[in-house]
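*Asks:* The primary structure of each chain is shown beneath.
Number of protein chains: 2
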Amino acid sequence: MACTTNAFSLSLSSNPNTNLPSNFNPKLNKPLNVSLRGSGTGDLNLGRLALSRPSQLSRRICANATQVMDQSVGERTSAAPTIVEVDLGNRSYPIYIGSGLLDQHQLLQKHVHGKKVIVVTNTTIAPLYLDKVVDALTRGNPNVSVENVILPDGEKYKNMETLMKVFDKAIESRLDRRCTFVALGGGVIGDMCGFAAAAFLRGVNFIQIPTTVMAQVDSSVGGKTGINHPLGKNLIGAFYQPQCVLVDTNTLDTLPDRELASGLAEVIKYGLIRDAKFFEWQEKNIEKLMARDPDALAYAIKRSCENKAEVVSLDEKESGLRATLNLGHTFGHAIETGFGYGEWLHGEAVAAGTVMAVDMSYHLGWIDSSIVKRVNDILLRAKLPTAPPETMTVEMFKSVMAVDKKVADGLLRLILLKGPLGNCVFTSEYDRKALDDTLAAFCKS
Amino acid sequence: MACTTNAFSLSLSSNPNTNLPSNFNPKLNKPLNVSLRGSGTGDLNLGRLALSRPSQLSRRICANATQVMDQSVGERTSAAPTIVEVDLGNRSYPIYIGSGLLDQHQLLQKHVHGKKVIVVTNTTIAPLYLDKVVDALTRGNPNVSVENVILPDGEKYKNMETLMKVFDKAIESRLDRRCTFVALGGGVIGDMCGFAAAAFLRGVNFIQIPTTVMAQVDSSVGGKTGINHPLGKNLIGAFYQPQCVLVDTNTLDTLPDRELASGLAEVIKYGLIRDAKFFEWQEKNIEKLMARDPDALAYAIKRSCENKAEVVSLDEKESGLRATLNLGHTFGHAIETGFGYGEWLHGEAVAAGTVMAVDMSYHLGWIDSSIVKRVNDILLRAKLPTAPPETMTVEMFKSVMAVDKKVADGLLRLILLKGPLGNCVFTSEYDRKALDDTLAAFCKS
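Protein chains in written order, with full-length UniProt numbering: chain B, 1 to 445; chain C, 1 to 445.
Please note that the accuracy of each hint is not assured.
The list makes no distinction among identical chains, and a pair is therefore deemed to hold if it is satisfied within one copy or across any two copies.
Restricting the straight-line Cα-Cα distance to at most 25 Å, the calculated cross-link-like pairs of lysine to aspartate or glutamate (DMTMM-like) are [said to hold, decoys possible]:
#1 Lys156 / Asp168
#2 Lys169 / Asp409
#3 Lys398 / Asp409
#4 Lys317 / Asp87
#5 Lys110 / Glu85
#6 Lys373 / Asp431
#7 Lys284 / Glu306
#8 Lys317 / Asp275
#9 Lys317 / Asp168
#10 Lys115 / Asp409
#11 Lys110 / Asp131
#12 Lys110 / Asp409
#13 Lys115 / Glu429
Keep in mind that the hints were calculated from the coordinates and are not lab data.
The whole structure should be built from the sequences, with the hints applied where relevant.
*Replies:* Right under this line is the structure:
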């Protein structure tokens, strides 16, 4: 491989505060140390890579993006939803994507089973959309009664204690096997509501109404549900598919900037692991996405869902291929668990984790330096962190990664990029030194 | 129907203490009131039905049983296990039945996946069989490491708090997706370990080693797993099939009499709902079973597993047929929940519940009085209760039955006998008065 003889490690050095959303806690982020380890005569010595300030970057890229705007953007109307089908035999289901879909009540109602519905949501989303969803469920449909349970908001509440509140409410409301659980919220709500639906009376119907980019492009699709354990993320759960996923892009109007950016980390992931053309589109449109351009967002959501649906259809239970969707997640989960659930948003941790996975892929000589740079660039433009919090130690990473779900017979399998842009591998066959080097490069101790 | 014109209700009156195992708490049982409600000129007026004391009964029936011993009993040897296959496509699995199977270590080992095993058991079973099982897992197989978690014993611990101990241990032991969970114990252990295996890392391999009659003939087969909620039994769980079920009948040597009898309630159930010939065999052999005749027990276990496997193969997720396995369970669950988990054994509650279901079937005019008598007779001979605890009220039954898993769109579906012996229905179409009458007949208030 061409880049093997030029193997070196590159970590970008910059003031991290300029790369983060305004509500980002600067003390949590770690300045990126310049770290160069040459291993051959052909080392590229980039030294300290000077980065433009994001504001300058934004202007420049926005102009480019306008010029090369993908023609497929803008083809959607708010009236008819785009439909992406998740093909899983008799458990297949549609993902509806569009603006104002919650006003099309028949769309939701045709997937409701039974006469009783429970909407699981949180304290942030309930005041914004609960009434709208109840209306969508009941308008012209008086036989349906709707209960709700409003959980505290945040990853740190994605635990058994909170889950029990859903069961308590469902049982007190005398929901039976013909009821429907509706998840209204982001990934945490979707994961918890889905697991509750999987386990309540050994399984009842379930609908996802994701209200964050993160949930709309990733977590609401594919049936992974679950809760965290104090020792690791998503260690308790089920594969449980919904009846449908309803993505009303209007719900993004109320999404904080930081949450928006967090979701883009997963959008970027799809490009890196399997869809170079989509990544190139993102490079041209990232500022449009950040500015909430409706057509750009709708396209990014649709293309992400298409990628996810294809992967899930091929490997529902994650025996191999599906694991590639976890690029950056093993490092990212370690950050979320080690640093405390909810301190960083999931996508923020995934972004830093992606940089680490890319760094390691590069250490291994599996990718070209241009990919390293492009990944860093797009994440910075999305105002996402590109390094773990500085309090993270090598030991913290290792202890959490040891209980990662991708460990098999004691060997940690990782998703690493390999080859041209858009290609990755899921493997335990890598030089342990590369992992150690990456951890050392990104941790002070 | 012939018996419609002779509709009456019969409750046997006897000193309940004579019908119960020695460790049975007499204050928990309710003397059966004579309750006669004629509805036609042809009423059979049995008045107070005089019952022989169980000891007399036992002697008489034992003699009969010897004379008519089923020829199929005695055909098994301790060397080769009887195998009953549960046919579920690519999730099919064998039930091995035989004495000394835990000494045939290859039988267990061929179903272990991965290098790490966790045995979930309880404080009663661990001192008796944990070493034996660890030996069976590891003999000649040094690459496998075995962890264990020992839970408190009893239905009242079948809850989320106890379940979390299994997850804690599994995660602390760094078990990965290729591990195997082994349930060693009765129904409570099997249900909890199975649900833990279903939810740990979204599903890992699982083996059942049931050590009670209840678990060997019923709960270990078919993949129903779960835990109780304070408001109802088994309300949280999963359908999750094991890799195999290994029934070593030698483990029954240490089973208390009361537990043995409890398991027979489920054996009797199979006869009533679908296997009249098996019921007739039981009528001839019940004292042999109570006396732990190895061949009689092995036959009863095998025939029960065959019945269960057939039903589960036809209707794994309980869309209809499988519900019939719950004869007596709706009333029984109400007793277990209303009276306090663990006060009565599951089979004791099911026995009383079966009498209530049979009584109601008779009220409805769906069965002949001879079936009512035969059910009462065989349960009394098995030293099982034939009425709920006297502290149970109509209101307690109704409030628990309202959250039963078989409620659909607000209507409680019940399993009731209908027609000749060995036939039943699962229906919400019954006269509510019959349910009220049965509850009134068995409750003081």
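*Asks:* Confirm or reject each hint.
*Replies:* Hints and how they fare:
no., hint, verdict
1, Lys156 / Asp168, "both (20 Å within a copy, 18 Å between copies)"
2, Lys169 / Asp409, "between (40 Å within a copy, 17 Å between copies)"
3, Lys398 / Asp409, "within (16 Å within a copy, 50 Å between copies)"
4, Lys317 / Asp87, "both (14 Å within a copy, 21 Å between copies)"
5, Lys110 / Glu85, "within (16 Å within a copy, 39 Å between copies)"
6, Lys373 / Asp431, "within (23 Å within a copy, 74 Å between copies)"
7, Lys284 / Glu306, "within (20 Å within a copy, 64 Å between copies)"
8, Lys317 / Asp275, "within (22 Å within a copy, 38 Å between copies)"
9, Lys317 / Asp168, "between (29 Å within a copy, 23 Å between copies)"
10, Lys115 / Asp409, "between (46 Å within a copy, 6 Å between copies)"
11, Lys110 / Asp131, "within (19 Å within a copy, 55 Å between copies)"
12, Lys110 / Asp409, "between (45 Å within a copy, 17 Å between copies)"
13, Lys115 / Glu429, "between (52 Å within a copy, 19 Å between copies)"
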